[in-house]
Amino acid sequence: EPEVTQTPSHQVTQMGQEVILRCVPISNHLYFYWYRQILGQKVEFLVSFYNNEISEKSEIFDDQFSVERPDGSNFTLKIRSTKLEDSAMYFCASRPTSGGTSGANVLTFGAGSRLTVL
Amino acid sequence: LAKTTQPISMDSYEGQEVNITCSHNNIATNDYITWYQQFPSQGPRFIIQGYKTKVTNEVASLFIPADRKSSTLSLPRVSLSDTAVYYCLNTGTASKLTFGTGTRLQVTL
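These protein sequences, in sequence, are chains A and B. For the first sequence, position 92 (counting from the first letter as 1) is numbered 92 according to the numbering used here, and the numbering increases by one without interruption. For the second sequence, position 35 (counting from the first letter as 1) is numbered 35 according to the numbering used here, and the numbering increases by one without interruption.
Chain A extracted, bound-state conformation (with noise of 0.2 Å):
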């Protein structure tokens, strides 16, 4: 079964400094998204991105963050001078159209990862 594939699946940093998580979709999707999940709580939009440009982003996804496909294969999270409060969980999801909520366009997640700014 395709999967969507997540690293690191652990990173530790300073507060300050940049993170790069990274993501393959699945190799067939059009859209991509990333999420993010603090310890306990729900999973929060952060992006979405098709067509090589960020189609939403929420009030979360501030200056802070940038999204990039810099090739045919990878999807990347930029966060910038990272803070305490951008511990969490940090997931990458793809699925396969750009229309519609229907059918096959349902959302295939990576596993994750996890991102401890001390």
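Derived by calculation from the structure, the hints in this document are not laboratory data.
The calculated label-pair distances, taken between Cβ atoms and stated as ranges, are: (1) Asp63/A to Thr53/B: 40 to 48 Å; (2) Asn52/A to Gln42/B: 23 to 31 Å; (3) Thr72/B to Glu85/A: 31 to 39 Å; (4) Lys83/A to Ser9/B: 29 to 37 Å; (5) Lys3/B to Arg22/A: 30 to 38 Å; (6) Val24/A to Thr56/B: 31 to 39 Å; (7) Lys83/A to Lys52/B: 43 to 51 Å; (8) Gly16/A to Lys52/B: 50 to 58 Å; (9) Asn51/A to Leu80/B: 38 to 46 Å; (10) Thr53/B to Gly72/A: 38 to 46 Å; (11) Ile8/B to Gly16/A: 30 to 38 Å; (12) Ile38/A to Asn19/B: 24 to 32 Å; (13) Asn28/A to Phe39/B: 25 to 33 Å.
Straight-line distance between alpha carbons at most 30 Å, and here's what the computed DSSO-like set of lysine-lysine pairs gives: (14) Lys42/A to Lys3/B; (15) Lys69/B to Lys42/A; (16) Lys57/A to Lys3/B; (17) Lys96/B to Lys42/A; (18) Lys54/B to Lys42/A; (19) Lys78/A to Lys96/B; (20) Lys3/B to Lys78/A.
Ideal Cβ placement from N, Cα and C applies to all residues, glycine included.
Once you have looked at the hints, place chain B on chain A.
Same frame as chain A, but now just chain B:
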């Protein structure tokens, strides 16, 4: 964006049927209803999706009444391994699929 509402937590014994209901008061005409399951330290996993009436797969059944303002996820004969958080997705644009608070299901012997 139409936010969903579901119970915060539920408890069940192994072998029982569990029904988790979600309200979709502002669901749009063309929105589907989608449920995900999340185990600790894992990403959410798609369980089931439906538009109306009843949908069944190898994991669960989904019941959607005619007015589509609610949905019920039914897990037959739960086991300890069904302990997880169950989310019904907020409906809205496909480019901004958001999760509600989820229902934390605890299954015990």
